[in-house]
Structure formats: C-alpha cells, structure tokens
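Undergrad: As a plain string of letters, each chain reads:
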Amino acid sequence: MTCDFADSLLQCYFDGELSALSAAEFERHLQHCVDCAVELVDLDLLSGRLQLAQLYEAAPASLRKKIRADLRSVAPTTAIAQPLLWHWLAAAATLLLVAIAGWRASPLLRTDDYQAELAEEIVDAHVHSLQPGHLTGISSNDEQAVKGWFKGKLTCALPVRDFADKGFALQGGRLDVVEERSVAVLVYARPGH
Amino acid sequence: MNDLDHEDWLRFEQLVLPHVDNAFNLARWLLRSRADAEDVAQEALLRVCRFFRGFQGGDARAWLLQIVGNTCYSWLEKNPPRGLMVEFDEELHPQPVATPESIAIADEGRERLSRALETLPPRFREVLVLRELEGCSDKEIAAITSIPVGTVMSSLSRAQRQLYSALANSPLKEAVRDV
Ligand SMILES: [Zn+2]
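Protein sequences, first through last, are from chains C and D.
Taking the numbering used here, the leading residue of the first sequence gets 1318, the next gets one more, and so forth.
Taking the numbering used here, the leading residue of the second sequence gets 679, the next gets one more, and so forth.
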C-alpha cells in the first residue's frame, strides 16, 4: 500500500464506519488519490465476490455416525443396561416435569370465560385417557414416530425410548393437562399386566 | 473417564450435538482437509463431552468452536502442512454430467474463493470463517479465538485484504483448467 489513508481509513470508509466529518475528508482525498480510488473499487468488487458463506461445508454423515457411536459408548443410558433402567425412568420422569414447566396451555385457552367449561372437559379427557384401550395422542411402538408426534407440541425435545426388551413395551404418547398445563405422557405396556 | 449423568447427557445432546456441522466446517478450513477435519472434529466433540459436567450453560456453540480451534492448532503443530496443498474433493464437487462448461463456470468462483482462502495463515482463515460462515460478532470471535477484540478487528480487515489479493493473483481460468 503506497498511501497511508488506504491503510488506515479506507476499510472504515467502505464499511461506513467513519464520522461524517472524516468521511467528507476522505472523499476529498479520494479525488486526487488513484491508489485509494482503485483500492475502493477493489473492495467493492471483493464484497460482491466474497460470498464466503457459499464455502460452508456440512459434516459428512460418516462423522455423525462416528460421534454417535463414540458417545453411545460413554452415554449413561447404555453404559450399564439392567440397573440403569429405573434410573432412566426416573430421569424421564424428571424430564416430564421439565416438559410441564416448559409447555403451558395456549393463552387463548386460559381466558376466564372458558375456564370452568374447560376444567370439566379436561377432567373428562383425563379420565377418558385412563380407560383401557383409549389413547389420545399417538399409538405407536416406534420411538421416532412418538418423538415426532411430541415435536411441536413441546418446547423441549422429549427422549423417547422403547424398553420392550426390558419388559416395558412402548405403546405411544399423549398430552394430558394437569392444572392448566400440558404434560407429556409416555405410555408403556407390561406384558401380562 | 466419563462421569456424565443422565441429565448432563441430555443437555449435551441438546446443546452440543446440533453444532456438529459448525465444528466440522471450522476444522475443515483450519486444516484444509475434509478427512483431517473429520478426525479433529470427532476428537473435539469427545473432549467437550468429557468436560461437559463443568459447563454452566451459555453459548455451547462458542465453547465447541473454541475447543475445535484449539484441537486444530495442536493438530497443526504435530502435523505441519507440507506447503500449500489443495485437495480436490470428489464428494464435494461431483463430476459434471450434462453441460461441463456451465458447471465449470458456476463452480469457478467457489473454487477460486476456496483456494484463495486456503492460502491465508490459519488465524486469518479462522477469523474469516467465524465471521463470514458462522456469523459471529467481533466479541464472539474474541471469545472463541482467545484474542483481544481489537486484534480480532484488525485481523479481520487484514484477512479480507489478503484474501482479496490472493483472489486477484489467481488467474480467472486457472481453477477450471486445473480441475
Ligand atoms: Zn490515498
């Protein structure tokens, strides 16, 4: 760079970061400095051409697979199979509480006018859902399907696991409403029960 | 080695795993190799997992990127680059099928840009990637790279200039012919 201004001010001028006074001064300088004029055009060209964002490279599927495999070996869910089942269920219960805290019934449903009516409906729905064979929500033993069903209904992701091999077969999931708040419920069936 | 309890694990899954792409992308540009980036990103993710217990919340992406950066630099120290080595990645640039010419022209800009970026020193690549590809602010870049904000700003403008002169020095048709 042969011109001091080009070094110190040009980028700021280009980025619009100079005060009005400094900008005006720089523009006077521009009128008789070929270096700066050329540099400015270059910068302009550069900003148009430097779409660096197009260089973004997403991780290959193989990396995700490797990470999943690595992490699975250290993940507490699978580290110790049998004794951890109850630990896991306890953790899931904790998470349900998180879900309760995170997901409130729509404000539209919370207006006083509808409160009494709703309360009745809620109780009805709840009692209904407890009857055998009845499942409001999704009835599926597919973890992904159940997880997908909750998606959009909860503000946090709900881990859904099938424990069929441990005697708890995933049956589905539903949203119950307890004290005006939605509760995510995972339904498991125990064969013979 | 790993003391994550289940809640930590869930937090890790929710906070860190969504940033695998970001981790890989930074490593790819710092190491100039997809294969090496894959190894280093994997290592960085595991490192984060190992220390996740101590993570008090905050910007998990920034934390991950910082560890990716550090892991890359120590990798570069152990494996000094043998001159400028530009790879051509089949996966990334599938061979043109229909109209080779038009595809070559479309890829030319990207290819030149990519080569120009790879001629920059790692620090310059890092700040540019964080700014232009990750959209980080000066402050975030400073936190991730552990360099002062003022230095981040001057590095960015120097990096941009150097990138431009690298671009200006690469003849327009060269990239296409080389391919
Ligand atoms: Zn000048």
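Mixed in with the good hints, there may be bad ones.
[As the list claims (entries may be wrong)] So the derived label-pair ranges between C-beta atoms look like this: (1) 755(D) x 1341(C): 47 to 53 Å; (2) 1340(C) x 755(D): 40 to 46 Å; (3) 813(D) x 1336(C): 36 to 42 Å; (4) 813(D) x 1387(C): 39 to 45 Å.
[Said to hold, decoys possible] Partner residues are not named here, just some residues of chain D that face chain C (Cβ under 8 Å, in silico): (5) 702; (6) 727; (7) 745.
[What the hints assert, rightly or not] Footprint (simulated), chain C over chain D, 3 or more residues, beta carbon under 8 Å: (8) 692-701; (9) 704-714; (10) 801-812; (11) 822-833.
Keep in mind the hints are simulated off the structure, nothing from the lab.
All C-beta atoms, glycine included, are put in the ideal place defined by N, C-alpha and C.
Undergrad: All the hints need checking, so say for each whether the structure fits it.
TA: These are the hints, each one checked on the structure:
{"no.": "1", "hint": "755(D) x 1341(C): 47 to 53 Å", "result": "holds, 49 Å"}
{"no.": "2", "hint": "1340(C) x 755(D): 40 to 46 Å", "result": "holds, 44 Å"}
{"no.": "3", "hint": "813(D) x 1336(C): 36 to 42 Å", "result": "violated, 27 Å"}
{"no.": "4", "hint": "813(D) x 1387(C): 39 to 45 Å", "result": "violated, 28 Å"}
{"no.": "5", "hint": "702", "result": "holds, 4 Å"}
{"no.": "6", "hint": "727", "result": "holds, 6 Å"}
{"no.": "7", "hint": "745", "result": "violated, 14 Å"}
{"no.": "8", "hint": "692-701", "result": "holds (count 5)"}
{"no.": "9", "hint": "704-714", "result": "holds (count 3)"}
{"no.": "10", "hint": "801-812", "result": "holds (count 4)"}
{"no.": "11", "hint": "822-833", "result": "violated (count 0)"}
This entry does not satisfy hints 3, 4, 7 and 11, going by the numbered hints stated previously.
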